[in-house]
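Student: For the record, the sequence lines run as chains A and B. Take 1 as the starting number for the first sequence in full-length UniProt numbering and just add one per residue. Take 1 as the starting number for the second sequence in full-length UniProt numbering and just add one per residue.
One or more hints might be untrue.
Any copy, or any two copies together, can satisfy a pair, since identical chains are not distinguished.
To be verified - DSBU-like cross-link-like pairs, simulated, lysine-lysine; straight-line CA separation at most 35 Å: (1) Lys114 / Lys356; (2) Lys577 / Lys199; (3) Lys470 / Lys622; (4) Lys577 / Lys111; (5) Lys622 / Lys199; (6) Lys478 / Lys158; (7) Lys149 / Lys391; (8) Lys577 / Lys158; (9) Lys111 / Lys356; (10) Lys65 / Lys478; (11) Lys622 / Lys577; (12) Lys356 / Lys309; (13) Lys206 / Lys577; (14) Lys114 / Lys577; (15) Lys65 / Lys356.
Derived from the structure by calculation, the hints contain no laboratory data.
There are 2 protein chains.
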Amino acid sequence: MDKDPQTSSCREPVAGAGAFTVKEAGPVSWTPSRCSCCVSGYVEPLVLIQLAEQVDPATKQWIMKVMAAPESLGGAGLLAHPGEDVDGDVIVVSAPRCTLLRATEELGLCKLDKDGNMSAFSNQDTENFPSSENMQEFLTLAEKQFIVKHQLETMRAKKDQRIPGLTQAKGVLRSRQGILQKLERAGVIRQVFPLHDQKRLTALGKEWYSKKSLWGQPLDSIQDYFGGPVAFYFSFLDFYTWALVPPAVLGVLLLMLLPPGAASGDQEIQKMVVAGGVPDEEDSPSVSAHMVQAVFSMLWSTIFMELWKRRSSSLSYHWGTFNLTERFAEPRPGFRGELGVNPITGRLEPLFPEWKRQLRMGLGSVPVVGLFLGLVVLGMVGFYHGEAMVKNLHQSSGTLLTTVLLYLPSMLHILYTNMLSTLYQRVALSLTEWENHREESSFQNHHTTKVLVFTFFNCFAVLFHIAFFKQDLPLLRKRLSSLLIVNQLVNQCSEVMIPFIVDRFYNSQDRDLMEDDPEADSLRAQISVPAFPGLFSEYIELLVQFGYLSLFSCIYPLTALLLLINNITEIRGDAYKICRLFRKPFSPPVSNMGVWQAAFEVLGFVSVISNCWLLLLSPRVKLFSLEAGISGIHLLILAILVEHVLILVKMILAFMIPDEPDWVRIKREQIEFNSMQALSQQKN
Amino acid sequence: MDKDPQTSSCREPVAGAGAFTVKEAGPVSWTPSRCSCCVSGYVEPLVLIQLAEQVDPATKQWIMKVMAAPESLGGAGLLAHPGEDVDGDVIVVSAPRCTLLRATEELGLCKLDKDGNMSAFSNQDTENFPSSENMQEFLTLAEKQFIVKHQLETMRAKKDQRIPGLTQAKGVLRSRQGILQKLERAGVIRQVFPLHDQKRLTALGKEWYSKKSLWGQPLDSIQDYFGGPVAFYFSFLDFYTWALVPPAVLGVLLLMLLPPGAASGDQEIQKMVVAGGVPDEEDSPSVSAHMVQAVFSMLWSTIFMELWKRRSSSLSYHWGTFNLTERFAEPRPGFRGELGVNPITGRLEPLFPEWKRQLRMGLGSVPVVGLFLGLVVLGMVGFYHGEAMVKNLHQSSGTLLTTVLLYLPSMLHILYTNMLSTLYQRVALSLTEWENHREESSFQNHHTTKVLVFTFFNCFAVLFHIAFFKQDLPLLRKRLSSLLIVNQLVNQCSEVMIPFIVDRFYNSQDRDLMEDDPEADSLRAQISVPAFPGLFSEYIELLVQFGYLSLFSCIYPLTALLLLINNITEIRGDAYKICRLFRKPFSPPVSNMGVWQAAFEVLGFVSVISNCWLLLLSPRVKLFSLEAGISGIHLLILAILVEHVLILVKMILAFMIPDEPDWVRIKREQIEFNSMQALSQQKN
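The following block holds chain A by itself, in its conformation from the complex:
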């Protein structure tokens, strides 16, 4: 009974097909399991490998053999299935129970033990983890698929050999070379991606975006199906949307309390200030309204981020990813270094000293990124310069040619920006590769940071220019509101509507074609769907709107309300998109949002500076100081003082609110204490 738990509890195979039930060994069937505990009547297809079209059947045979070989022989310990027929260009991959359990321990995933605590899974102690009897329940779909990918990526040749069916030049495999990487480079494997489970996907979609209620998302189901990064993104989006309610309410209140026309009346006041006149008494409360908004926004962003950290750490506990052991695992496939013994784990693997990486980052990456940021600024300066020149030219000699010339600077600037951006993408990737990070998460974080800094700079350079150099608040307000309204509309359309239309009208034709083997068809259909582009653009969108809100909201109080409305639709849109329009992504287990969290926090600090500056520029404050007889230089000193105090308050607040709830801290310390105890007893 215990030996074959999957048969009893696994889902029924898809009706009529049965392609992935285990039949007697024939050419079109799963490679046999090696140990008795992994034998199961139905094997769940997890990952699809698409081969090049003209692959020699001998090569395909060899690949399947290697994948099915145990890890000790340089294989992956997986189960392989040749798809519809032996000569086809796909291999379907699954994982037997033993491999899954071993990998779970290796990754440091935590699972519910019999006391109801999450503890690091130990393969030698499966009795402590009752759910490990049933693999459907024990590991999430995303975890299983990630494990398959991890197993495939860590396949290494044990000795120099030749891959059958390939030419002499392409087919040589050196000892310790990564087999998957080699096959990809040789063009044998076109892509590897996880398979959707249509039944569960439909159920998830129903729960998620077709629901009538506006609030709440099935976060656990998302984590289960799509894995950590996607689940953290949606949790954050959810949390953030809720957090927008207080500033939205405040914004509306302030707008209502302001005297009518005050919001748009700044220009007049400015004129009065310049002329030395004093406006009506009734306008004065807006100085304090401005102040309230700025201070509130500062406090809000701090508390929001601190509370999110707490939420994030409880989610990470709940999802069993708070104790990941990536740094003790094998390095990522792209990692290069001299072969040596890792002093920490004692394993043979490539080594690369930390100080070299630091040096490369400090002397290579940082200056290059700085250079690109400089080029952005240069482009902007050139644009303003060119525009002024052309305008002058047009005013002095207004011919048709100069009218056309009026558009030239913008066009050149757009062209320049696009080229720069494309170039930067490549440079950022190569720089990060060159930095040679050992862990995948560290690679991702450094790559994201590079792209992030550039994108952010691109988005905000113009706004900062208007705010700090032109010091033109009305223009800033106009620009901000148009960005908020137009940009969001365009984004939502381009993100959801266009793929939706393509999906409906273009892809559905393909789908209807073949209905004789639904399971095989489902595989084919998934190959044709575009790959998931990653969460970068989603996060950057959030970051930019968080930027609008925290940096400039004090001059446009409705920002939060607009963002709130936008995000409620954004959640549904993103959910629909990820479920229906793209291939399923691989998701490594993660314990937080990674570098995005830091990005939001940095923005919080920048926002204090920006808000203080905007307050200073505000004509009402100028007016107020004029009335109170404070000179410009004293006002500036006051603003600096306020800025420093606010930053101090922010730091104290961030320090005072613990980053994890007490109960998570206790659980974490329990584990530390237990492992300390285990260490001292082990030597017994």
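Since the structure of chain A is provided, determine the placement of chain B on it from the hints.
Tutor: Quick look at chain B alone, frame taken from chain A:
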């Protein structure tokens, strides 16, 4: 052989006395050891307990019995000796091998294992730690004495009982009550302090302060004899003194490169600036000299602190204190809370929720400390106000009475400051007690922080007032140099000379009196020596001079040189003081400087702000901007920009330099990896 290692290797007993060699059990001898492995021919006296003069012999007998009882019976597992005679008012305490080994594991001390790595000592695996055979070598004197204190403090009554020889009211001991705390409160125990080992002390002193060479201190011997906190203080002082060399050289260079008289010529330039004139060309380089000094000082303080952190972490590894387990140990004696099961360790102990502590700190301590700081400012404002008033009065009607009145504000201010300071000391202690910290180190850190903030504020309030409000650079320079020269001289005198004189002329009379039993005399002599006042005043002195250097040095380039000279004598003075003039202090094992490190770092950040401001005020910069045609407000904006960029650079630098050397990181991760492995195998 293995069972009795101490006899073979322990030091010879002090000549002629032999009071602490183990004789046949008589009234004046050590309580017998309980297990055979602890039996030793000579027992090292570690700690002295001084009782009240009129203590009932029955009480003394009872205390010795309890101390010698095993821990399982509520005792301390120690060895006790009644001093010269059974009725005397002292108890000499030592610790048997078993107790020492057990406590070493409990404290999480790391010791050299047989592979040459420092690893957490495990009592069940003594074979892995060859030096554990010889207790003289295995534990340092400071560690052994701390363990005795720790054992004494954790003695708890197992059941309600009466202490013999005490009155009914005083002698009742409740179950789980701390026995030592009870005896201290009942007035039975007057003091508990560790004993000096005169022979080793003389050797240490010779190596330390009597040496001819100016550089280098025997840090390992200091750690061995005086323990972690003292050793960290002297390591830091040493490191800091070395680090002063570059700024001292730069200061001298700048002074030499400046045109003669330039340093004192600012007033004239200021006059010229006010008059709109332009001084000679030759004075202009000093703007860049100022700039160089300010930027250098900022970079220097960052790099200095980062390198110190690295040094500190290697020292901590070297001294085996990088893996302390204080948070898993019993709470400190003063800790109060509801009795419950600690969720982490599963032990029965008082519990106090973290959020309550946070709340008390946030709503209690922070406002009260803020109030006191406000009172300091109020006092200063009152002083300036009063002085101006009295001056006016004197000028308008110059009688003898008004001449006397001229001194009144200063006197009142000094009185006020002293009273405030005394009051604050008490309030800070009670507040920290009220915050109810679980760990002793946490208690110490919070207490130190409170006193530190106040003292620092007191020291720098006047300088900041001169720099930022009066904006009077010449006065600031005068004040700073007088503080540097006069204060240091006065400090050195009062710290060393006076106790030295007292020691020589006053105490030596006592010492000569009795020479018949040198060992007992040595005990008597140590009782009469004053207790060590702690390192607070030493550290605050360093912090204040670091403040002078990093906050204001750009206006007085010789600061670093003066400090360098001062510190070279300071090291010797402090060393002499701690060796000869005070009783030996108890030293808990520590892994770093604690809160002082943070204090130095915070000062580094404040220094950026202060330097930017001083640069801005500098008449030369004003002159420069006048020449370049930059308006005051633009200059201010420029200064803010520079400040923000410098802070950013500082943060990036701090982030780029790893806090611990690579080899320490590897050792630490090794331990983590091993305990993870142990945990997963233990459940096997």
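Student: The structure should be examined with respect to each hint, and the outcome stated for every one.
Tutor: Evaluation of the provided hints:
{"no.": "1", "hint": "Lys114 / Lys356", "verdict": "between (45 Å within a copy, 32 Å between copies)"}
{"no.": "2", "hint": "Lys577 / Lys199", "verdict": "within (17 Å within a copy, 80 Å between copies)"}
{"no.": "3", "hint": "Lys470 / Lys622", "verdict": "both (16 Å within a copy, 26 Å between copies)"}
{"no.": "4", "hint": "Lys577 / Lys111", "verdict": "within (30 Å within a copy, 58 Å between copies)"}
{"no.": "5", "hint": "Lys622 / Lys199", "verdict": "neither (63 Å within a copy, 75 Å between copies)"}
{"no.": "6", "hint": "Lys478 / Lys158", "verdict": "neither (65 Å within a copy, 76 Å between copies)"}
{"no.": "7", "hint": "Lys149 / Lys391", "verdict": "neither (58 Å within a copy, 84 Å between copies)"}
{"no.": "8", "hint": "Lys577 / Lys158", "verdict": "neither (42 Å within a copy, 67 Å between copies)"}
{"no.": "9", "hint": "Lys111 / Lys356", "verdict": "between (37 Å within a copy, 31 Å between copies)"}
{"no.": "10", "hint": "Lys65 / Lys478", "verdict": "neither (64 Å within a copy, 85 Å between copies)"}
{"no.": "11", "hint": "Lys622 / Lys577", "verdict": "neither (48 Å within a copy, 60 Å between copies)"}
{"no.": "12", "hint": "Lys356 / Lys309", "verdict": "both (32 Å within a copy, 20 Å between copies)"}
{"no.": "13", "hint": "Lys206 / Lys577", "verdict": "within (14 Å within a copy, 77 Å between copies)"}
{"no.": "14", "hint": "Lys114 / Lys577", "verdict": "neither (38 Å within a copy, 60 Å between copies)"}
{"no.": "15", "hint": "Lys65 / Lys356", "verdict": "neither (39 Å within a copy, 61 Å between copies)"}
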